[in-house]
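> The lines below spell out each chain.
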Amino acid sequence: MRRLFVRLALSSVAALAPLVASAQTLPSGPATAFDGRLTVGAEVVATVGDEDDIAFFNYTDYEHNALRMFRVALAASWRPVTRFAFVTELRSEDLNQVRPYAAYVRVRPWLEHPFDIQVGRIPPSFGAFGRRAYQSDNSLIGYPLAYQYLTSLRPDAVPATVADLLIMRARGWRTTYPIGSQEAGPGVPLVSAFRWDTGIQAHWENHLVDATGGVTLGTLSDPKVDDNNGGKQISGRVAFRPVTGLVLGASAARGDFLADDVVDQLPLDSGSHAQTALGADGEYSRDHWLVRGELVWSRWNMPFASPPTSVNLDALGAWIEGRYRLTPRISLSGRVDRLGFSRIAVGPLLTPTWDAPVTRLEADAGYYLQRNLVVRLAVQYNDRDGGRVHQRTYFSGQLAYWF
Amino acid sequence: MRCRLLIAATFVGCVVAGADHSAARHEPVNGAIRGRVEIRQSLPDVARRPNVSDVGMPRAHDPTDRRRSVVYLETAPRAAFDQREEPHAKLDQRNETFVPHVLAIIAGTTVDFPNNDTTYHNVFSLSSIKPFDLGRYAVGRSKSITFDRPGIVRVFCDIHSHMSAFILVFSHRFFAVTDDEGRYRLDNVPPGTYTVVAWNESAPSETKRVTMPDSGGDIESNFSLGKR
Chain A
9 MRRLFVRLAL SSVAALAPLV ASAQTLPSGP ATAFDGRLTV GAEVVATVGD
59 EDDIAFFNYT DYEHNALRMF RVALAASWRP VTRFAFVTEL RSEDLNQVRP
109 YAAYVRVRPW LEHPFDIQVG RIPPSFGAFG RRAYQSDNSL IGYPLAYQYL
159 TSLRPDAVPA TVADLLIMRA RGWRTTYPIG SQEAGPGVPL VSAFRWDTGI
209 QAHWENHLVD ATGGVTLGTL SDPKVDDNNG GKQISGRVAF RPVTGLVLGA
259 SAARGDFLAD DVVDQLPLDS GSHAQTALGA DGEYSRDHWL VRGELVWSRW
309 NMPFASPPTS VNLDALGAWI EGRYRLTPRI SLSGRVDRLG FSRIAVGPLL
359 TPTWDAPVTR LEADAGYYLQ RNLVVRLAVQ YNDRDGGRVH QRTYFSGQLA
409 YWF
Chain B
111 MRCRLLIAAT FVGCVVAGAD HSAARHEPVN GAIRGRVEIR QSLPDVARRP
161 NVSDVGMPRA HDPTDRRRSV VYLETAPRAA FDQREEPHAK LDQRNETFVP
211 HVLAIIAGTT VDFPNNDTTY HNVFSLSSIK PFDLGRYAVG RSKSITFDRP
261 GIVRVFCDIH SHMSAFILVF SHRFFAVTDD EGRYRLDNVP PGTYTVVAWN
311 ESAPSETKRV TMPDSGGDIE SNFSLGKR
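Residue numbers (my numbering), protein chains in the order written: chain A, 9 to 411; chain B, 111 to 338.
Just so you know, not all the hints are guaranteed correct.
[As the list claims (entries may be wrong)] What follows is a list of derived Cβ distance ranges for each label pair:
id	chain 1	residue 1	chain 2	residue 2	range
1	A	Pro108	B	Asp258	46 to 52 angstroms
2	B	Ala170	A	Asp393	49 to 55 angstroms
3	B	Pro260	A	Val217	56 to 62 angstroms
4	A	Asp234	B	Gly250	47 to 53 angstroms
Treat the hints as calculated values from the structure; they're not laboratory data.
By construction, the Cβ of each residue, glycine as well, lies at the ideal position given by its N, Cα and C atoms.
Required output: the full structure, derived from the provided sequences and hints.
In structure tokens:
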């Protein structure tokens, strides 16, 4: 399968090569119909990099490697009347299957007021990167750890003891626990950038403030189309734009994390099993510089059967990235990223972190063949305090095209 | 005697008239080429990319005037290349739109790019004749670029993908941008035979051979671009 994927990715790059030569002939804008009420755009991204089936630093929640991925996305917006818009995006990763990444209705009840309601599979109301995961808007090939790196927690299976949890340190790509699903499966990131949640959100803005709030079925780390626990997540973000070019945001979210199938097997009175998250994000751009940073703190309330107790498992992801446009065609980017975990008591002297902390450094160079066609080369270094592989450096290349 | 004087006066008058007539024939008069460029296909506004990440209706932007065409002489008389001044032009940024959408200038012109919008913009071009990137600059500020070489420069905003404009740089002064009704006028064209080109972003260019007579005057030349 991997060889097939690599061949497909390479052949797609090769297929695009003649287009690159005559790059100005590629469409530069979305297709429109019905007097502009229907617009259709697309993004095609081929990323080729080192294999990672030992360290699994860049695996996503769909068991795909973010540094070895062929992704096709088709987005459409249909606005039959001014107040309504139907918005959807279909996406396929590694040509496996086509999934609706987004599908929602947007309503503006009062045309003169910038207040909107969105219902369906909606963009996240938390943080900034979750709505910026397009390759056209991501300055680097890799993803921030908080939005991609798989922790050892699962919504459909839980450890019976602290020891069960610690055995899975640095094994988020494939964890197994005694309670709940007995099948090995991937853990969850703090916030998923690869799936969106289903629910309703409201948004209002003026020249200074931008506020979004939502109620959804899943959680930040485990977005859902079908509810698995009857609980709802409440999330919100407020962003300030004190001066042009500066955006400062603050977010919060809380929702039931564990599936009913797991909770039913837990001792009674095991309490709440929520994921609670707080976030802060910032962006500043000026001249040829763009600097972005984000802080995501997440707490999962995890029940243990033996002894029957609940423990708060915390994680903190923090990253800062910068992009500098060296020439009209060449841009240089870099990101410093850290994901840390809280400590858990095993004995009087032993308090390891419940998952292995990770540090990631990435540097990219991008060359714009056309406004919407870019070639990137990246080097990414990962350091993890645990697991079979502690350090790993990856080289990757990417061709991204969008319209 | 009176008859001889009359004959002599008539002869002199004929000679003078003949001299005036030959002088008019040897001093050519410049004229104008004018007409209309019809765009036969509908040109929808430049649409915003459907961004599913938006948490609200995207901000409305001004429509882009894509019906503007540029008419120019493919080759121009030698005197047309004489340039005595360094002209200025302006490509404004208003309500997430470049105004005008099509700008025609002579080589050596400095174009100002003022940001008269309410948000950041980042004007740039990847054109081979003048690649540039003005970076992000705030409302009320302006940056400038001098275009030295003839050709077509496609201009974009790095932040707003639906913003685009064309700057056509000419080595001579015989060019004109059509008005709201598609009309154009090239003034002060010396006598001669020229290839007149009509350009529009949406259709292949069309050319016509036009001869300006020595007597000058207005020559009409109309174009129809695009699919019927």
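> Can you give the numbers of the hints that this structure goes against, from lowest to highest?
Failing hint: just 3.
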